[in-house]
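Asker: Each residue of the sequence shown is one higher than the last, beginning at -19 in our numbering.
Treat the hints as calculated values from the structure; they're not laboratory data.
Just so it is clear, the structure is predicted and the values come from calculations on it, not from any experiment.
A hint or two may mislead.
To be verified - In silico SDA-like pairs for lysine to any residue, Cα to Cα no more than 25 Å straight-line:
#1 K168 - E196
#2 K168 - K193
#3 K88 - V142
#4 K206 - T132
#5 K181 - N12
#6 K81 - E57
#7 K181 - E(-7)
#8 K106 - P148
#9 K165 - W135
#10 K193 - Q(-10)
#11 K168 - D112
#12 K88 - A55
#13 K33 - S99
#14 K193 - E207
#15 K106 - T132
#16 K177 - Q(-10)
#17 K206 - A144
#18 K27 - T73
#19 K199 - A144
#20 K165 - R195
#21 K106 - A86
#22 K88 - E31
#23 K181 - P48
#24 K181 - Y(-9)
#25 K33 - L52
#26 K33 - K106
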Amino acid sequence: MIKQIYSLIQYDEAVKTMEAGADNIGLVPMQNGGVPAHRVPLERVHKIFDEAKKRGVTSVAIMLTNSPEEMLQLAEEVQPDILHIAGDGYAATPAFSKRLKEIAPATKLMQAVLVDNESAIERAKKFAEFVDMILLDSGLAPDTGIGASGQTHDWNIDEKIVKAVNVPVIEAGGLGPDNVAEAIKKIKPYGVDSLTKTSIKYEGGNMEKDIAKVREFCKKADEAAKEIGL
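Take these sequences, add in the hints, and give me the full structure.
Answerer: Written out as structure tokens, the structure is:
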């Protein structure tokens, strides 16, 4: 079971997150979209992603900008393992996918799908035709795009999506140590993602990972996956 932890800001917390059991670590490289306090300078992005590569941990660059050109420029600069499109005004297209492969051949494309009703199933199926991965999430905001709401959604829909698409699906949206096992047993995804429930948030938009909760999240995810044979 892939455990994906968002959203890293500092190098030291990234290292601690990897040591706590994260398979994927995600951050927001400096860009036009997203909360300013969460954006990571490119020099630090390279340092964190280089460390992840040494440890065999997957690096995820989260795109909150709605400019495909800016996304492609960042992908070319950073060369992440995964490029996650989560902006509220732009979604991946076949043409974007093709261009990404040209400039970052080793980078997988992951599209966030807002699960607000059953229409998410058809949207996910269409994305699955040309993206490498799908992330199912809750909430839609101009500063965080799809996700980062800390809210869960209808897992019955997610279960149907996992069965309907032929690409890996990462489950997100309000997951933490308290409910990750239940989500895995219900949805049977490829991976699970946590941001809000494994973070300590401060005034002004600053936050840091709660490493104890990250460790507990990863442990419970692994235990649940093992229990059902995933």
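Asker: Go through the numbered hints given earlier and state which of them the structure violates, listing their numbers in rising order.
Answerer: 13, 18, 19, 23 and 26
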